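**Student:** What follows is each chain in one-letter form.
2 protein chains.
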Amino acid sequence: MRIEILCTGDEILTGKTINTNYSHIAQRLGEAGLEVVHGTTVGDDRVSLLAAFRQAAKRADAVIVNGGLGPTIDDLSQEVAAEAAGAALVLHEPWLARMEAFYERRGRVMPANNRKQAMLPEGAEFIDNPIGTACGFAVTIEGARFYFTPGVPREMRRMLEEQVMPRLLASAGLPGVARLKRFHSFGIGESRADEMLAGIEAMAPPGTVKLGFQAHYPELETKLAARGADTAELDRILAPLEAEVRRRLGNFILAEDRDSLESVVLGALSGRGGSLAVAETFTGGSIAARLLQVDGAETLFLRGVVSRDPAQLAASVGLAPDAAAAPAMAEALRRASGASHALAVLVTMDGDGTEAGGSISIGLADPAGALLREARLVGGREWVRLGAAELGLDCLRRHLAGLPVDERLDFERR
Amino acid sequence: MRIEILCTGDEILTGKTINTNYSHIAQRLGEAGLEVVHGTTVGDDRVSLLAAFRQAAKRADAVIVNGGLGPTIDDLSQEVAAEAAGAALVLHEPWLARMEAFYERRGRVMPANNRKQAMLPEGAEFIDNPIGTACGFAVTIEGARFYFTPGVPREMRRMLEEQVMPRLLASAGLPGVARLKRFHSFGIGESRADEMLAGIEAMAPPGTVKLGFQAHYPELETKLAARGADTAELDRILAPLEAEVRRRLGNFILAEDRDSLESVVLGALSGRGGSLAVAETFTGGSIAARLLQVDGAETLFLRGVVSRDPAQLAASVGLAPDAAAAPAMAEALRRASGASHALAVLVTMDGDGTEAGGSISIGLADPAGALLREARLVGGREWVRLGAAELGLDCLRRHLAGLPVDERLDFERR
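Protein chains in written order, with numbering that gives the first Met the number 0: chain A, 0 to 413; chain B, 0 to 413.
Just so you know, the hints here were simulated from the structure itself, not pulled from any lab data. Here the structure is a predicted model, which means the values were calculated and not measured. Just to be clear, a hint being listed does not mean it is correct.
As a list, the in silico SDA-like pairs of lysine to any residue whose alpha-carbon atoms are at most 20 Å apart [as the list claims (entries may be wrong)]: (1) K15(B) / A224(A); (2) K15(B) / T16(A); (3) K180(B) / T13(A); (4) K222(A) / I17(B); (5) K15(A) / E220(B); (6) K15(A) / L210(B); (7) K15(B) / R257(A); (8) K222(B) / T16(A); (9) K180(B) / S170(B); (10) K57(A) / R53(B); (11) K15(A) / G211(B); (12) K15(A) / Y216(B); (13) K15(A) / K222(B).
FRET-style restraints, in silico, Cβ to Cβ [said to hold, decoys possible]: (14) E141(B) / R45(A): 22 to 28 Å; (15) R1(B) / D258(A): 25 to 31 Å; (16) E124(B) / P152(A): 38 to 44 Å.
Glycine included, C-beta positions come from ideal geometry on N, C-alpha and C.
Based on the sequences and whatever the hints tell you, model everything.
**Tutor:** Here is the structure:
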């Protein structure tokens with residue numbers, strides 16, 4: 000089945016908004032084994048839209064249209080869909096009632112122009128939007144099936160997963176359930192991970208699971224994209240593969256699925272009633288910033304100190320400027336802040352440009368004592384900065400999980 | 000003139016890479032007064048590419064093709080362009096020589112498959128790439144002019160500005176030089192800025208300057224997109240408008256063009272031999288992170304302290320936990336760090352969801368004393384977080400520039 004993604008709207012066409020909806024839709028379809036063959040972008044313009052619909056109908060078997068379902072005059076998707084399908088626009092009473100109830104719950108009267116959002120081409124298949132006023136719908140235009148989705152990313156994503164993808168998988172003759180299992184790791188490069196996971200796909204029935212990688216330094220994402228008849232079958236197919244990925248990538252796996260290194264670290268601290276303080280040089284406060292983005296982090300993250308100068312960090316925890324070794328720093332910070340755990344990440348840079356290197360000292364303190372992890376990364380300032388922040392957080396994760404903190408990373412230079 | 004942007008490559012088609020090249024090209028063309036009417040995305044596939052070229056030729060007068068100029072087997076742009084134009088591929092000797100010299104300067108031998116990058120359709124117009132091995136070119140296909148550009152963003156951007164846009168402007172019959180003047184402000188909403196700048200365009204000769212806005216809370220970008228015969232004419236046209244924008248938006252203008260609030264603050268400190276320390280609650284370390292992203296910031300930014308708990312901030316500078324008012328905090332931090340200036344941003348949150356509000360206290364200390372700025376923002380945690388960080392930095396900017404720190408913001412609730 001050949002699929003086209005057709006994005007509409009002046010904001011997207013003129014580049015004012017970066018088209019992240021396109022990449023989300025294309026990525027999710029690809030992960031489910033569906034093939035996107037063409038992408039189109041057009042503005043809020045009747046003539047362009049109609050031409051784009053007609054061309055897409057010639058090229059593709061299925062078309063996902065994104066945007067143009069809003070209440071304003073420049074939202075033209077329903078109208079142009081009706082014209083292209085040779086159908087009249089008719090009121091979808093149940094959706095009008097849903098919208099009126101939606102407004103009523105908020106104590107407001109529905110503006111008259113929202114009524115437009117309940118006008119669908121006659122004979123269209125209604126597609127629910129449980130979280131917004133733009134319902135979706137599907138119509139057939141010149142032999143191709145068109146699925147209309149809202150431009151608001153949150154609404155589009157939910158409608159895609161729950162409504163559009165099951166329909167596409169069914170009409171592609173593919174089993175009805177797809178799942179993407181993700182592992183996040185640090186310390187293994189993409190090509191080595193590929194070697195380490197050789198033969199994984201063959202553990203599943205042919206054609207059901209696809210292994211893929213996405214490197215975003217310093218992390219690597221390993222994906223198992225699976226299809227099955229139902230959730231139970233997916234569980235059965237994936238369980239042994241997931242166990243094997245965990246076994247082979249081992250301690251390098253930081254987190255799975257929606258979890259992140261930060262959320263895993265904070266979860267482990269929270270689970271034992273702990274708390275954290277962090278001192279960092281050179282990493283630009285990025286360790287604190289990453290941790291504080293996690294929901295609920297503020298109650299666990301007691302204090303962060305950032306400076307280029309280890310003497311400043313030392314002074315802030317009452318140490319002499321020359322007593323600034325990472326474990327001593329971590330221990331002093333732990334005592335000063337009252338946190339159960341403290342992390343100090345100190346970096347000394349040398350070299351220039353893409354050959355700039357950093358010698359990293361990580362100190363980690365808890366009630367039982369303090370430890371040191373040293374490492375060297377080379378590849379420019381930003382490379383060292385990202386790697387040092389990741390390494391500091393990963394040492395803490397490993398320490399909290401009772402894993403060795405000194406396993407060698409692929410990125411490390413000796 | 001109708002322009003189409005045609006992006007090629009499996010990474011883009013499958014959504015693995017977000018298509019920021021498209022939005023950059025569309026935005027720059029729009030700012031220069033050129034009209035983009037259609038966007039197309041196709042993969043590295045001969046049949047799709049050829050069909051896309053032919054369809055684009057029908058729709059548009061000019062087509063910018065991005066990507067597919069690399070040395071590998073899946074880079075097909077030259078080949079398909081030749082086929083579509085009905086021309087043979089011929090070696091462009093000067094570019095081959097340039098590539099060989101490029102490799103020689105790096106002490107390497109050019110790999111054989113790079114030769115492919117010097118094969119252009121016979122009769123094509125060569126377009127220079129001063130910073131890479133993928134040269135651009137232009138050919139006419141079925142009456143439309145096609146401009147081929149590399150997928151590497153840095154190379155594409157430079158080629159677009161220096162080579163492609165002047166050609167497009169010339170063939171659109173527009174004067175040959177375009178310029179975008181940008182002002183960054185904080186505290187004025189888009190609709191009020193629009194009112195405040197009413198009549199600005201009319202100060203320039205008709206059709207030469209277009210006023211536009213782009214809101215990315217908490218900042219607003221005000222743009223003057225101008226066209227003129229040459230640089231001197233642009234200077235003449237823009238000078239009075241720029242002065243008028245500065246006069247009307249006044250103290251709310253943070254920075255112009257490539258400068259940012261952070262770089263302006265650090266520049267002002269550096270200019271007087273000063274330095275800075277920052278204490279922040281609730282802003283997640285984002286003030287430190289923003290400042291530390293500026294080149295050279297590390298020598299000026301002496302210390303940052305981050306905590307949800309003002310008592311932690313107080314303890315880190317030797318104050319009693321209850322002596323944590325923002326000006327006292329700033330002054331204590333200034334002394335403890337040895338910085339000339341210190342900023343303390345304290346936030347107390349109340350409410351929930353999108354109605355969550357924050358009461359913000361900003362303390363600012365320098366050798367002459369300490370001051371307080373208070374404000375209230377309502378609109379959810381992230382809204383308050385972004386606004387508080389911006390307000391703190393803006394107070395420092397205003398103070399360093401001798402401007403009042405308490406001018407009311409459009410976002411502020413009393």
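**Student:** Could you work out which earlier hints the structure fails to respect and list their numbers in ascending sequence?
**Tutor:** Checked against the structure, the hints that fail are numbers 9, 15, while the rest are satisfied.
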